[in-house]
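Colleague: The residues making up each chain are set out below.
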Amino acid sequence: MAEALFVILSLLMLLGGAGVLFFRQPLHAGMSFIVSIIALAGLFALLSHTFLFMVQIILYAGAVITLMLFVIMVLNVQESVLPDESLQPKTLFIGVLCLAPIVIAVVKTLGTLPFKELYIVPGDFGGIELLGAKLFTTWVLPFELISVLLLVALVAAVILAKQKERG
Amino acid sequence: MIGVQAYALVAMLLFSLGALAVVTRKNIFVIYLGIELMLNALNLLLIALSRYHMGMESGVMALLIIGVAAAEAAVFLSLIVTLYRQRKTLDVDNLRITAGEEA
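Chains as they are written, first to last, in this note's numbering: chain V, 1 to 167; chain R, 1 to 103.
Next up, chain V with everything else stripped away, as it sits in the complex:
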């Protein structure tokens, strides 16, 4: 059961990623990104991280995606302003050639770990309690820094959006 779910979810996720790579229209790419993100949330649940599963759904499928779709809507992108992107097999090939060693290195390195089956843990592993205990003790400084970063991003977004046209 878990194996079947893993295969289905990862296939969906990779198909969504491939859609981002190959769809020409930004809206289609964004929709395929949503598919990828939701399948990824399912994989989080399969790894028994229930809290991160919810965060992924609320924050990505909720907030970020809505923001993206609004931006596409506001921009009102016409066919004529889309860049000319005939598929570049050469760039794609060189990219695959450069990325393959990284992928192989990571998979081989993790392959040296002793095999452990990642079944769904009963109990509260991955719940908000354990995560919060770690977050507010050992990781409290990065957490506060993230809040400052979010404030900076908010101010930056407002300033960029209010900028008058120059020239």
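Hints are supplied without guarantee of correctness; some may be wrong.
Okay, derived cross-link-like pairs now, EDC-like style, lysine to aspartate or glutamate, Cα gap no bigger than 16 Å in a straight line [said to hold, decoys possible]:
id: 1; chain 1: R; residue 1: Lys-26; chain 2: R; residue 2: Asp-91
id: 2; chain 1: V; residue 1: Lys-134; chain 2: V; residue 2: Glu-144
id: 3; chain 1: R; residue 1: Lys-26; chain 2: R; residue 2: Asp-93
id: 4; chain 1: R; residue 1: Lys-88; chain 2: V; residue 2: Glu-79
id: 5; chain 1: R; residue 1: Lys-26; chain 2: V; residue 2: Glu-85
id: 6; chain 1: R; residue 1: Lys-26; chain 2: V; residue 2: Asp-84
id: 7; chain 1: V; residue 1: Lys-116; chain 2: V; residue 2: Glu-3
id: 8; chain 1: V; residue 1: Lys-134; chain 2: R; residue 2: Glu-57
id: 9; chain 1: V; residue 1: Lys-134; chain 2: V; residue 2: Asp-124
id: 10; chain 1: R; residue 1: Lys-88; chain 2: V; residue 2: Glu-129
id: 11; chain 1: R; residue 1: Lys-26; chain 2: V; residue 2: Glu-79
Among the chain V residues that face chain R by a calculated CB cut under 10 Å, a handful are [to be verified]:
id: 12; residue: Met-13
id: 13; residue: Leu-46
id: 14; residue: Met-68
id: 15; residue: Tyr-119
id: 16; residue: Leu-131
Computed from the model, here is a short list of chain V residues facing chain R with C-beta under 8 Å [stated by the list, open to error]:
id: 17; residue: Ala-2
id: 18; residue: Lys-134
id: 19; residue: Thr-137
id: 20; residue: Val-140
id: 21; residue: Gln-163
No lab work stands behind these hints: they were computed from the structure. Glycine included, every Cβ here is placed at the ideal spot set by N, Cα and C.
Could you slot chain R onto chain V? The hints should help.
Modeller: Positioned in the frame of chain V, the structure of chain R alone reads:
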């Protein structure tokens, strides 16, 4: 029988798709989506490792990465809107502001 290796393979494949989108596409919006895909692939890898070690540290890291990604989304999208208003294009080849060559 799914080990951490299967998750690592899937995560790295997703990372490659995102990186390829950044490298090969010219649409700035799709480049943003590629960056998000890479961040999410790293999150999957971190969470698989967290489950493997039965510890929450990587889970906390993944949560912080989600926070960074949210901040990045806000800045990047408002940047896209500003650039589109000024230049009327999504083509990154036309956005060479710093290259000293006004496109």
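Colleague: Tell me, in ascending order, the numbers of any earlier hints that this structure violates.
Modeller: 10, 19, 20
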